[in-house]
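In numbering that gives the first Met the number 0, the protein residues as written are 0 to 836.
Simulated from the structure, these hints should not be mistaken for lab results. Just so you know, not all the hints are guaranteed correct.
Stated by the list, open to error - Estimated spans, in silico, between C-beta atoms of each pair:
(1) R656 x V766: 45 to 51 Å
(2) K223 x D443: 37 to 43 Å
(3) R343 x K374: 20 to 26 Å
(4) I819 x E530: 23 to 29 Å
Glycine included, each C-beta is placed from N, C-alpha and C at the ideal position.
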Amino acid sequence: MSYNHHQIDAKWQAYWDKHKTFKTPGLSDKPKYYVLDMFPYPSGQGLHVGHPKGYVGSDIIARYKRMQGFDVLHPMGWDAFGLPTERQASKENKHPAEITRRNTDTFRQQLKQIGLSYDWDREIDTSQPDYYKWTQWIFLKLYQKGLAYQAEVPVNWCPALGTVLANEEVKDGVYVETGDVVEKRLMKQWMLKITEYADRLLEDLDGLDWPESVKEMQRHWIGKSEGARIRFAVAEHDNTHFEVFTTRPDTLFGCSYCVLAPEHPLVQSITSAEQREAVESYVENTLKQSERERTQKTEKTGVFTGAYALNPVNGEEVPIWIADYVLASYGTGAVFACPAHDERDWEFAAKFDLPLIEVVEGGKIEEAAYTGDGKHINSEFLNGMKIEAAKRHMIKWLSENGCGEGETQYRLRDWLFSRQRYWGEPFPVIELEDGSLFLEEEGDLPVALPHLDDLSPTPDGQPPLARATQWREVTLPDGRKGLRETNTMPQWAGSCWYYLRFLDPLNDKFPWDAALEQRWMPVDLYVGGTEHATLHLLYARFWHKVLFDLGLVSSKEPFQKLFNQGKIQARSYRDGRGKYYYPHEVEARDGEYFVKGSDTLLETRIEKMSKSKHNVVTPDETIAEYGADSLRLYEVFMGPLEDDAIWQTENMSGVRRFLERTWRLYFPEKPVKGGETPLQLERLLHKTIQKVTEDLEQMHPNTAISAMMIFVNEATRLGYLPDNMKKPLALMLAPFAPHVAEEFWESLGQKTSIALAPWPAFDPEMVLDKNIEIPVQVNGKMRGTIEVRAGASENEARSVAEDDENIGKHLSGLEVVKVIFKTDRMLNFVVRPPKKD
RNA sequence: GCGGGUGUGGCGGAAUGGCAGACGCGCCAGACUUAGGAUCUGGUGUCUUCGGACGUGGAGGUUCAAGUCCUCUCACCCGCACCA
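Turn these sequences into a full structure, and let the hints guide you.
Printed below as a string of structure tokens:
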């Protein structure tokens with residue numbers, strides 16, 4: 000009987016389905032483990048082999064934990080609302096729901112053939128009314144808590160997409176996902192007050208078992224900075240003043256000018272007649288530049304307004320400039336400049352020949368701004384103090400004199416929460432004729448998306464939902480009339496709480512049951528890509544904290560441990576004209592790549608898999624050729640789970656051979672005698688169990704597989720696998736290659752799934768060898784190895800070493816100065832030529 | 001520029017401060033067979049006077065001992081980027 004993966008894969012996948020092997024257990028006293036994958040957006044492209052890397056990694060852990068006796072929750076679902084589906088629907092003239100169903104069917108089928116141990120009865124789809132009903136419900140909670148509001152705000156309008164984007168989705172003036180240009184526009188939008196939670200989002204990061212890089216990214220994104228707000232009066236303009244924010248109030252005596260952002264509201268009124276032309280042209284020029292151009296230039300520019308500000312601390316008059324290095328959107332849109340101790344101000348002052356006033360000792364301010372610590376000088380009541388003390392004194396002075404106060408600023412802004420799209424959650428909001436807002440009653444949810452044939456914006460620029468006039472026009476029971484909100488929620492909304500719905504996906508009375516929430520939360524292991532480091536993970540933490548404050552969840556944080564799997568990339572080939580070639584059209588010669596049978600030289604790159612680059616490998620094709628277990632093994636054997644890796648299908652033959660070798664140990668081609676159980680192999684088995692167990696605890700599947708390969712190679716060399724080792728090996732293999740493991744298990748007469756069998760234990764006695772080979776060094780150089788009994792003393796080891804021919808040679812005629820000995824580890828002689836008397 | 005990370009054979013990668021290169025791919029040789037991309041066995045960092053010498057991006061340092069710790073430096077990757 001040879002290994003036929005088609006048959007084996009199908010047999011056990013059907014078995015797991017039929018027996019509901021991975022059904023989540025109900026409430027019990029056993030320890031629980033919630034392993035969650037970041038659920039996918041079901042795109043029309045289907046999965047490529049890069050997607051399952053994290054899924055396989057988390058599935059190995061889920062299966063391992065089950066075997067260890069944990070109750071495991073391991074669900075999967077679809078983040079199904081979103082723009083690409085809406086666009087595909089328009090293109091095909093179909094409804095987005097139909098496209099979504101088609102895509103989720105593909106994804107589900109693709110995932111099932113990998114043998115992932117999801118509880119498919121908990122599958123959720125964020126675009127289904129019975130799901131988004133509760134997304135709307137949470138929105139009501141946010142609104143009732145005063146965390147959702149409408150505002151006329153400058154938004155990131157993306158003409159190509161016909162919608163607005165959150166700040167986080169825009170970088171360098173383009174949409175990070177597609178590269179489409181984004182422009183600023185003033186629009187009335189829904190906002191969520193995430194800033195109210197900034198401090199808690201920052202502080203609670205400390206207790207999380209997350210990669211430090213992700214925590215660092217979130218800290219930076221929140222961008223807390225402490226300092227002071229200071230009021231400057233404008234000279235010769237009665238009752239006119241502006242405020243600046245600074246983190247260095249201690250340098251106020253060093254202020255030699257002030258700068259307003261070109262967009263600052265005061266610019267118009269304070270500009271002098273002589274400077275008006277220059278100022279207006281500078282402002283106009285600035286506004287014309289895209290955000291991208293503005294952030295990419297390095298040279299400082301600016302214009303004097305002709306007005307002067309009064310430094311509150313000493314009454315000095317300083318010129319007020321405008322410059323685009325001051326951003327309207329951060330702080331107060333104005334700064335006081337202390338060029339001696341701030342690099343940007345120093346550059347600006349150097350360019351426009353503005354004075355430097357040194358107020359902190361220690362630098363050479365003629366050469367560069369000095370930002371280090373030192374004693375204050377030229378600062379009256381601050382003289383002699385170091386920075387920290389001086390800051391405190393200045394803030395005290397400012398508040399006592401009514402011209403400022405301590406303040407904390409955040410980079411984080413409120414979350415722009417509306418989109419002008421069809422395929423998203425409708426807001427449960429009606430605007431009444433008198434202009435007031437009416438929020439739907441909880442019992443009336445969901446506000447279902449109306450059916451629309453045309454998903455484009457209206458001719459007058461309103462969102463698609465404005466086309467659903469019947470749906471939109473509402474008369475309340477009391478006779479009041481109004482119009483429904485036509486914006487929809489952004490895609491992030493559904494993913495902000497899906498991990499909670501998995502606890503209780505069919506509940507139609509509550510979003511989740513309180514007892515189940517207490518049983519399963521928080522998520523013990525959350526696996527996904529780094530691309531969600533600041534968006535999804537920050538938004539979800541924010542919602543979770545709100546739910547916590549409402550008493551709806553019992554943990555402060557949703558995801559206790561986060562693991563980022565590495566990306567899988569693939570080689571792409573293209574010719575001088577930019578045409579891409581498939582790998583099968585390419586051949587390598589002398590380290591270069593050519594179109595097969597021609598001299599057309601190809602440029603090769605490692606890139607993200609994409610259809611247009613002709614470098615996509617699908618799980619379907621690799622499973623067809625090698626089987627699901629080989630795919631699973633290769634996904635995690637390539638290297639550390641957290642590292643990026645390059646996909647090379649040819650290399651799958653290694654793990655496939657391993658499975659076949661293992662298969663022959665259970666189903667030998669020729670009858671073997673067997674019977675004997677060599678002690679060496681017995682010891683190796685226990686060492687292997689130990690190694691695999693430890694590696695799983697540390698999420699190192701690659702080295703665990705390596706250990707099992709060593710064991711299987713050893714048994715193959717012996718010629719058979721002793722009967723008493725057949726169960727432990729199958730059990731160890733089960734999380735990694737579950738289909739063959741089930742087959743082995745069944746062949747051993749077992750009637751129930753190996754997935755629920757107990758994880759094998761190793762005998763601590765058996766992993767310790769009786770005799771140990773230890774390295775011997777002379778002056779730190781390897782000179783051989785000796786075999787000693789375990790736990791041998793220094794003297795024993797030393798005498799064995801000195802008797803060794805080769806080692807003895809390196810010691811002869813030399814004086815041993817020192818011997819370093821670590822029991823069972825190593826022996827080192829430190830020697831030198833003998834002293835001549 | 002700032003923050004984080006990574007540099008090890010032909011390739012992917014292993015190594016609690018203690019035998020560098022486990023395991024896998026590829027390659028070489030052999031066995032069985034003989035047209036098979038099957039299986040098994042052995043070999044595979046470089047140089048070598050066969051004693052050994054050198055070797056983890058580069059240069060120093062700490063240590064009996066460094067891929068691992070420290071300092072400097074180079075290259076690449078990721079994130080942020082005038083945040084006052």
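Now for the hints, and whether the structure bears them out:
no. : hint                    : in the structure
1   : R656 x V766: 45 to 51 Å : 27 Å, violated
2   : K223 x D443: 37 to 43 Å : 40 Å, holds
3   : R343 x K374: 20 to 26 Å : 24 Å, holds
4   : I819 x E530: 23 to 29 Å : 49 Å, violated
Consistency note: the structure conflicts with the earlier hints numbered 1, 4.
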